[in-house]
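Once you have looked at the hints, place chains E, B and A on chain U.
Protein chains: 4
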Amino acid sequence: MAAKKVAGVLGATGSVGQRFILLLADHPDFELRVLGASPRSAGKKYIDAANWKQTDLMPKSAENIIVSDCSSANFKDCDIVFSGLDAEYAGPIEKEFVEAGIAVISNAKNYRREEDVPLVVPIVNPEHLDIIQQKLDTAKEAGKQRPGFIICISNCSTAGLVAPLKPLVDSFGPIDTLTTTTLQAISGAGFSPGVSGIDVLDNIIPYIGGEEDKMEWETKKILGSVSTDKSHVELLTPEEIKVSAQCNRVAVSDGHTECIALKFKNRPAPSVEQVKQCLRDYVCDAYKMKCHSAPEQTIHVLEQSDRPQPRLDRNRDRGYGVSVGRIREDPVLDFKMVVLSHNTIIGAAGSGVLIAEILLARNMI
Amino acid sequence: MAAKKVAGVLGATGSVGQRFILLLADHPDFELRVLGASPRSAGKKYIDAANWKQTDLMPKSAENIIVSDCSSANFKDCDIVFSGLDAEYAGPIEKEFVEAGIAVISNAKNYRREEDVPLVVPIVNPEHLDIIQQKLDTAKEAGKQRPGFIICISNCSTAGLVAPLKPLVDSFGPIDTLTTTTLQAISGAGFSPGVSGIDVLDNIIPYIGGEEDKMEWETKKILGSVSTDKSHVELLTPEEIKVSAQCNRVAVSDGHTECIALKFKNRPAPSVEQVKQCLRDYVCDAYKMKCHSAPEQTIHVLEQSDRPQPRLDRNRDRGYGVSVGRIREDPVLDFKMVVLSHNTIIGAAGSGVLIAEILLARNMI
Amino acid sequence: MAAKKVAGVLGATGSVGQRFILLLADHPDFELRVLGASPRSAGKKYIDAANWKQTDLMPKSAENIIVSDCSSANFKDCDIVFSGLDAEYAGPIEKEFVEAGIAVISNAKNYRREEDVPLVVPIVNPEHLDIIQQKLDTAKEAGKQRPGFIICISNCSTAGLVAPLKPLVDSFGPIDTLTTTTLQAISGAGFSPGVSGIDVLDNIIPYIGGEEDKMEWETKKILGSVSTDKSHVELLTPEEIKVSAQCNRVAVSDGHTECIALKFKNRPAPSVEQVKQCLRDYVCDAYKMKCHSAPEQTIHVLEQSDRPQPRLDRNRDRGYGVSVGRIREDPVLDFKMVVLSHNTIIGAAGSGVLIAEILLARNMI
Amino acid sequence: MAAKKVAGVLGATGSVGQRFILLLADHPDFELRVLGASPRSAGKKYIDAANWKQTDLMPKSAENIIVSDCSSANFKDCDIVFSGLDAEYAGPIEKEFVEAGIAVISNAKNYRREEDVPLVVPIVNPEHLDIIQQKLDTAKEAGKQRPGFIICISNCSTAGLVAPLKPLVDSFGPIDTLTTTTLQAISGAGFSPGVSGIDVLDNIIPYIGGEEDKMEWETKKILGSVSTDKSHVELLTPEEIKVSAQCNRVAVSDGHTECIALKFKNRPAPSVEQVKQCLRDYVCDAYKMKCHSAPEQTIHVLEQSDRPQPRLDRNRDRGYGVSVGRIREDPVLDFKMVVLSHNTIIGAAGSGVLIAEILLARNMI
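Residue numbers (UniProt numbering), protein chains in the order written: chain U, 1 to 365; chain E, 1 to 365; chain B, 1 to 365; chain A, 1 to 365.
So that you can see chain U by itself, here it is in the shape it has in the complex (with noise of 0.2 Å):
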């Protein structure tokens, strides 16, 4: 048995960075060394660094260490890095880090849209990892040293989206047209403050800065596909795909819920029992590779009328799984259905220790 892979959190403080320390507990392939927090929190014990705000307590395991600042001395030893970082913070920090030679897996926004950096929703696209391969390559052959690089982690509700989209395109070609509608958790906000009790008290919040530029955009990235040359990624242009996203903050804890609606290019398009058959048998390639965290089943095709729904199937397969349901025909596009994806799992953390799981499958770290 390897010895185990020795993992840094980044924004160990904060709510995405709870979510990896309690991921990244009892991993068969990391072990949790070093935790980088902000100034005020460095040099305190995690125990007492942290406002612990997880359903499951904080792990033993992290307690102790004593919170780093986030400076890339204090992680040259991580095989990996991980960044809860907020995007106000993230930008210079994670630059450090790439060019110290650290391999970082970010959940912030900063570098997405960068044509060399792969966007990763870890049950879609794990192929854009090509990229960096391509560059450890180079590197390699031309005798340097081992470079750093980032990748980094969709955005919570493009994750959602995404993820049946990719067996539905491999199997029935290119989608022409796609609209969701979110209904989005309040975790994905953190907690410090997040989103006012009484913003989501009684009421729904019908917009979340950004998020709709997000959505439309990073699902032409990682849709896309890897150049020839393996060095960036050509996303789809606005005449391959139309993507319009309308997003709401609601009152549910964790899972996001979308309502989508797709029609793709190809006529005649395929009919209902084809899609889900599609969406059933997907198995994603990080489940293939026996990755720890991948889904047994990638995506749950429910038959009820009234589900998916956040509470109770947010947490299939570990909040790996994405649950599609009320699949039929549009009288507009072709397909309307529902999808619920756990924002903090695969919309976030969890994605990033998959991509880190496909890395060490692929021998990239």
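Since the hints were made in silico from the structure, they are not lab data.
Possibly wrong hints are sitting among the right ones.
Each pair may be met inside one copy or between any two copies, as identical chains are not told apart.
Heads up, simulated PhoX-like pairs for lysine-lysine below, C-alpha to C-alpha not over 25 Å straight-line [stated by the list, open to error]:
1) 263 / 220
2) 230 / 109
3) 242 / 290
4) 166 / 276
5) 5 / 288
6) 140 / 95
7) 242 / 263
8) 60 / 276
9) 53 / 276
10) 5 / 45
11) 242 / 265
12) 290 / 60
13) 288 / 109
No experiment lies behind these values; they were computed from the predicted model shown.
Frame of chain U; chains E, B and A shown alone:
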């Protein structure tokens, strides 16, 4: 000053019935005299029969009315009867009332699809009442007794949807495509038992039985036109307008939020600013007729990025005004926007009362 | 008809300040002229400075007032100033106002424990204002300029607690023991950020910093009496009354529910029916003085087994009335009951306005 | 390894029944074989009969069990039957089971007040099962057939209340006075329909029918002792302990929060630190007996000022552990504190399963 018209309420102990009673208390045009409910309640004082669950106290004037059973004989002195009956019971009861020569405004779905029954959102298509006018005129000319009739209130979520469409169609021509994803309040489902608490706490129910079909169909009737002979409503055809609805139940007490998108038939489409101005300028006929409950501002166009919100905006113009926000271009259709309407006022009992006020203004009762 | 008194509001952009503004709009006795806020807001129109989050629209009359900073010079024409300042800022600002001769009614906690500052729940202990009267008279007799003064509004949960106690003590003598467990609304915590959504969704926070101590202490002051020389309030001693509070934050927007129990000193204790009758019969002095906002029915005694409920009962008498239900014998003390009060009306801004109306009725401003 | 005991569940389609099924799936000691429900469900596969509303999927092993009706003949091979029947039906059905010689553990209230029926919270008073042992022994000695019997699970809110009392009484002697105000979750009310959404959204229901009386009475039985002849339980008398409960329903899915206060009979009372240490040190008998479901830590004493919270703390020790926080001196009694227990685990089905494990450990089934 004219004597008040005598009003009755069917289904008086239910959720919709209670709202009718509140809206008719101290009404300048109507005097509530008869309350009909199930045999279980009949014979009791209303205060003893009803499980009153409104935020306003039961009107003193209603407390001591002895509840009748729902036969037309008890309502023969009524100039107008408002029906809040459940669909399960409404069919034969309302039919019996009409046959007995009574004017009925019903919130039930049973007769909405009859071609000679107007389906009216009073701030949108009061001209559909011409069908009733024609019936009354015909009977009068023939020297027959004044006939009974039924007018249907639209489905609650349809009311909010069509409100902004009316002025847009008037100004910019027909709509080619219309999509809506709703986030609907629980008050619409009544309260015995209505929506279960465990179903909406930290949850979304992505399904409301029959609702999507109602929205798609009723829109075509409400935006349709009265036939030349005023005998029936001519629905928009599926070729004239494509409509798709996705309906969700959320943890909101009152106020349906809808994320809609639409495309006009005519090119070029208007600008965002033209759309806003058109909505702001709209004055509904009921207001022009000086109906008591008509909204001063029919459509409230909100400029803040995160509005409308149900808790904050549902009570504009006492629930008779509709709020529209986030009007912006859509990458798929022409525009997307968020519409908020008060489901128990403009979406149910309130519409019923305003329809009656229009009937009165037109001397139809 | 007398000219309206000129009013100002400190902390005008905050949650309490917004409520003051709503209550003062169209007030028959006061004209709102000056709005004070932080330097960040000063110089802007109120409509541009405030993040308005009320269910009623911002009063037209407030929209274009230019926000001032919080120095007394800007408020020198005010007959009365209402302070909704956070405790963090209220101390020196309110002090400076009083020294400048201004009459201040404050919602902040800073001066509540000063023995010569009345802590007033206007439906309970307006007679504590005698201390201010004495100050005014003394200055007048001495030929001095009219002095500034401060009157404190009680803590929101204390207001609801003491409301039914006042008539009970008046009728049945002193209370020996009092316990309360509160279920408090989130609006009391303001909204920037206030209570976090994730903290109240599917959750209870069984702690509100400082609240239990405030309730236990303030009760002793409000139920205490003015000293013979009218110089200060004499608190009830721990020997005179034992008070214990347990405070919880719950997912309610407005309205504090309290499960209270109490024991009288005198034996035999009154009967349940006597307690109910005493509460029903209570008419607060402010109502007798014909103050504009005073509740017609101070205490609403509810007989239904499952009332009061915050959503249904918080708006009795526009939030100035207090609802009491489930009055029954207690196996431990004499009685237990449920008390509901509107935390932002009788528990905060509304009390401030009613205190000002009492001052006016007494010719003290 | 011994063969598993055969288990049945009555009321299998209901909320409590579903929880029993989840807890019994993959249980090392029990094999679930018989599911009983109403005639409406009998004859169907469980997957077709149940409206499954748990966050965990229906166990595969239960899906295809054909639902029986609730007559003992169908359960004659069961070593133990768990009843989740509604009180409306439980009376005669459970009686018939006992007469047929079957061992029943019931969540219904019907037989709790029978003096020879143990009312057991398994982490508190398993010694009350001696009454059953005595019955079994007597029958055996008399050469009679093994008799049926019934053991009652306590009311959900009582379970949480008595959990910390047990070790306190053991260490510091009897309790003189006990008060509790509950904030109870809605899952306890089942889901067809259970608590209505409109009743708990932005609201509190300050009343749960019969609950206060149950808590006051059941506490006296659970803390009482088995008679010398082991024929019945001797309740604490009203003179021995005064108990007062006030019960509220709040918008929480699972987890009852209780604000309790208590006074010991003995003087001097222990210190806060002694109380905490006593609770921390408590190891319930079921854990000592190595029962599968017994909590490793029976009482979790929390030091953070704002804990326990239902969303964060209800799942300690899989819902079998009880959390206690804010232990502090009380100005009226000796101590006040906040207790949180999982109402469907230690407060209902979970207790039933743990009682069965104790029966097995004692060779009573």
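Hint check:
For the homomeric pair residue 263 and residue 220, the shortest alpha-carbon distances inside one copy (15 Å) and between copies (23 Å) are both at most 25 Å. Only within a single protomer do residue 230 and residue 109 lie at most 25 Å apart by alpha-carbon distance; the minimum there is 22 Å, versus 59 Å between protomers. In this assembly of identical chains, residue 242 and residue 290 lie within 25 Å of each other by CA distance neither inside one copy nor across copies; the values are 35 Å within and 46 Å between. Proximity of residue 166 to residue 276 under the C-alpha cut-off of 25 Å is restricted to the intra-copy arrangement: shortest distance 13 Å within a copy versus 38 Å between copies.
Within a single copy, residue 5 and residue 288 get their C-alpha atoms as close as 21 Å, which meets the 25 Å cut-off; across copies the closest is 39 Å, which misses it. Taking the closest pair of Cα atoms, residue 140 and residue 95 come within 25 Å of each other only inside a single copy of the chain (21 Å); across copies the shortest separation is 71 Å, beyond that limit. Taking identical chains as interchangeable, the C-alpha atoms of residue 242 and residue 263 lie at most 25 Å apart whether they share a chain (10 Å) or sit on different chains (15 Å). Taking the closest pair of Cα atoms, residue 60 and residue 276 come within 25 Å of each other only across two copies (22 Å); inside a single copy the shortest separation is 43 Å, beyond that limit.
Taking the shortest alpha-carbon separations for residue 53 and residue 276, only the inter-copy value of 23 Å comes in at or below 25 Å, while the best intra-copy value is 38 Å. For a Cα distance limit of 25 Å, the shortest separation of residue 5 from residue 45 inside one copy, 22 Å, qualifies, whereas the shortest one across copies, 48 Å, does not. For a Cα distance limit of 25 Å, the shortest separation of residue 242 from residue 265 qualifies both inside one copy, at 11 Å, and across copies, at 19 Å. Taking the closest pair of Cα atoms, residue 290 and residue 60 come within 25 Å of each other only across two copies (24 Å); inside a single copy the shortest separation is 27 Å, beyond that limit.
Proximity of residue 288 and residue 109 under a CA criterion of 25 Å is satisfied in neither setting, with 29 Å inside one chain copy and 52 Å between copies.
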